[in-house]
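> Model the full assembly from the supplied sequences, consistent with the hints where possible.
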Amino acid sequence: MTTPLHRYRIVQWIDYRLPIFSWTNEHLVEYPAPRNLNYWWNFGSLAGIMLVVQIITGIILAMHYTPHVDYAFNSTEHIMRDVEWGWMMRYLHANGASMFFVVVYIHIFRGFYYGSYKSPREILWWMGVLILFLMMGSSFLGYVLPWGQMSFWAATVITNLISAIPWIGETLVQWLWGGFSVANPTLNRFFSLHYLLPFLLCAVVFIHLWALHHRKSNNPLGIDVKSPKDTIPFSPYYTVKDLVGLGVMFFVLAIFVFYLPNFLGESINYIKADPLVTPPHIVPEWYFLPYYAILRAVPDKLGGVIAMVASIAILFVLPWLDTSKVRSARFRPIYKQFFWIFLADCFVLGWVGANPVEGSFILIGRIATVYYFAHFLIILPLLGKFERTKPLPESIHQAVLAKKGGADASGAPPDSSAGSSPGGAA
Amino acid sequence: MADTAPESDQASPQGEETRRDFLILAAGAMSAMAAIGVAWPLIETMNPSADVLALSSTEVDISEIEVGQSVTVKWRGKPVFIRRRTQEEIDAARAVPLDDLSDPESDEARVQQAEWLILVGVCTHLGCIPLGNKIGDPRGDFGGWFCPCHGSHYDTSGRIRVGPAPNNLAVPEYEFLDDTLVRIG
Ligand code: HEM
Ligand code: FES
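Protein sequence lines, in the order shown, are assigned to chains A and B.
Each residue of the first sequence is one higher than the one before, starting from 0 at the first, in numbering that gives the first Met the number 0.
Each residue of the second sequence is one higher than the one before, starting from 0 at the first, in numbering that gives the first Met the number 0.
Think of the hints as simulated: they come from the structure by calculation, not from any bench.
Treat each hint with caution, since some may be false.
[Unchecked claim] Some residues of chain A that are not near chain B, with every Cβ distance over 12 angstroms (derived):
1. Y15
2. I55
3. W174
4. V297
5. F341
[Claimed, not checked] Simulated crosslink set (DSSO-like; lysine-lysine; CA at most 30 angstroms straight-line):
6. A:K271 with B:K73
7. A:K324 with A:K384
8. A:K402 with A:K225
9. B:K133 with A:K271
10. A:K335 with A:K271
11. A:K215 with A:K324
[To be verified] Pairwise CB distance ranges, derived in the manner of DEER restraints:
12. B:N166 with A:K215: 38 to 44 angstroms
13. A:W12 with B:A49: 40 to 46 angstroms
14. B:S62 with A:I55: 40 to 46 angstroms
15. A:W319 with B:Q111: 57 to 63 angstroms
16. B:G27 with A:F198: 25 to 31 angstroms
17. B:T17 with A:I122: 47 to 53 angstroms
A quick note: this is a predicted structure, and the numbers were derived from the prediction, not measured.
The beta-carbon is built from N, C-alpha and C at its ideal position, and this holds for glycine as well.
Okay, structure coming up:
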């Protein structure tokens, strides 16, 4: 493959020895992408950018942070007050973690809606689920570092989940703590692991993209690319489209960083950790709330932990639970409705997770938990059998050109006016 | 794709074991053992270190504690509750039939002296510190402790009565050194 750059001798010289120019050309420039991708396809690259933002701001923070129970809280305040621009780095990092989750959750629900987990993209999907697990690990570990009250008690409650494992749980959790409770050895190793995990994340992201570029992107119609007429080159079409999304995302992030920096946090985390006093109402960060609700919906310690882990692990087998041959919800009128109910169910779980386990929250939490699993274990397998799907278009370019009467391939999808479709611009 | 092994590599006819098979197996087994041997110390380093293990006992002066009062002391980084129980509290704890308990233990087995209840103040669910030691704290439906995190209620013997916690509050090892001094750990 030759790029326009290949007219330079130096480029030829390098490329002959290390084909980075050809490689870039193959994967980022000429890379054939379906011509009908909508804005929901922005979120993968946005997630990648957020990972980079977290790593850059994190490395800066680590230059000023001290992972010791006597200094951690103060060094975080030192970053906030004394280090030049330190407040901005910390607010970017803390709110960046939230932005990362927003983007990744949208990315996952995009997958649900358009059936992106189906053959031949199962391994691509698995890598995604693994990324979600690693992200949850990273942000949990990071949240412990400022050593405020919420940091400490989140660390205590979450690590104690391990003690639910029969027989070895207790030994395992003391091994993880390096002591008899969450204490200095714990903070120290959490810092070490918090530094490590994002780089493991990079490796898994690489495999995720490798699988993607091998079988190529799904698209809003969910049908395979059949001829070059169905595709357009990644650059400039999708590089520019991704940049638009990037601008919007950074705008939203900036609103939080500069105007609402503590909106998503808990004010009690500005009180230094006290191992002898549990705050009256402990809640995880918003991105963990649905799982927390599932944990608490089961009135048994081990059962709750199993349900919580299963709620994410079930995504690994999703490609086989959804038995429908049709990928995109556009052609699955019943699934489309269950998609929205499922999304609402996740919001209900999040809302329950933010509230104490009392009164009607208990019942609502249990119903929402049962529905969550029923969606995967009952509704999806049955829909594949009984749903009457709509006829699929012949090919991507025919569908696009018929609806638009032109070649505006990168614009809004054909049915963006339908309102019920997430295909419309965000 | 194109680089195929030289012909001579496919030495043996199919199905027959050769010295090469044996060597591959032996080398594989040795490598696996070496990997485990290396992993072991790496994993062990994360266990509680000697200095952490050394900090294992605390002495407490209990002469100032009034009947009905509770104090919290720190032991191994965790709170220990010391409650000087009233007669009613003792009676209440002893009146409960063991069948009513999800983790059956008699009150007698949980104390050395009926008046003094000494417990590790860590909820056996997910490790929060139950409320009930300070004046004005909620003590739950059974007059002992109440864990605000996920709503576990403990009775006046520190036994779990209602809520997600699986076990009673743990009783640490302790010893009355004399009338006023108790050593925990
Ligand atoms: C997957 C990417 C990452 C995520 C999701 C993440 C998440 C978090 C979160 C949620 C916090 C707590 C923020 C707060 O309330 O203060 C945090 C703190 C921290 N992170 Fe990260 N992080 C990531 C990558 C990194 C990297 C690569 C480093 C480099 C060493 C790093 C270094 C730190 C430090 C030093 C702190 C403590 C200072 C502070 O609390 O602001 N992080 N991280
Ligand atoms: S930690 Fe006490 S009830 Fe969950």
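> Would you mind marking each hint as holding or not holding in the structure?
Outcome of the hint check:
1. Y15: 20 angstroms, holds
2. I55: The claim holds: I55 of chain A sits with its nearest Cβ about 29 angstroms from chain B, beyond 12 angstroms.
3. W174: 5 angstroms, violated
4. V297: Non-interface label fails for V297 of chain A: nearest chain B Cβ at 8 angstroms, not farther than 12 angstroms.
5. F341: 26 angstroms, holds
6. A:K271 with B:K73: At roughly 17 angstroms apart (the allowed maximum being 30 angstroms), K73 of chain B and K271 of chain A satisfy the hint.
7. A:K324 with A:K384: Given pair K324 of chain A, K384 of chain A holds - Cα atoms ~10 angstroms apart, limit 30 angstroms.
8. A:K402 with A:K225: At roughly 19 angstroms apart (the allowed maximum being 30 angstroms), K225 of chain A and K402 of chain A satisfy the hint.
9. B:K133 with A:K271: Within the cut-off at roughly 21 angstroms; holds.
10. A:K335 with A:K271: The given pair, whose Cα atoms are some 47 angstroms apart, is violated under the 30 angstroms limit.
11. A:K215 with A:K324: 19 angstroms, holds
12. B:N166 with A:K215: 38 to 44 angstroms: Violated - the Cβ-Cβ distance for N166 of chain B and K215 of chain A, about 54 angstroms, lies outside 38 to 44 angstroms.
13. A:W12 with B:A49: 40 to 46 angstroms: Given range 40 to 46 angstroms: violated, Cβ gap about 59 angstroms.
14. B:S62 with A:I55: 40 to 46 angstroms: Between S62 of chain B and I55 of chain A, where Cβ atoms are some 58 angstroms apart, the hint is violated.
15. A:W319 with B:Q111: 57 to 63 angstroms: 58 angstroms, holds
16. B:G27 with A:F198: 25 to 31 angstroms: Cβ of G27 of chain B to Cβ of F198 of chain A: about 30 angstroms, so the range 25 to 31 angstroms holds.
17. B:T17 with A:I122: 47 to 53 angstroms: 36 angstroms, violated
Checked against the numbered hints given earlier, the structure breaks hints 3, 4, 10, 12, 13, 14 and 17 and satisfies all the rest.
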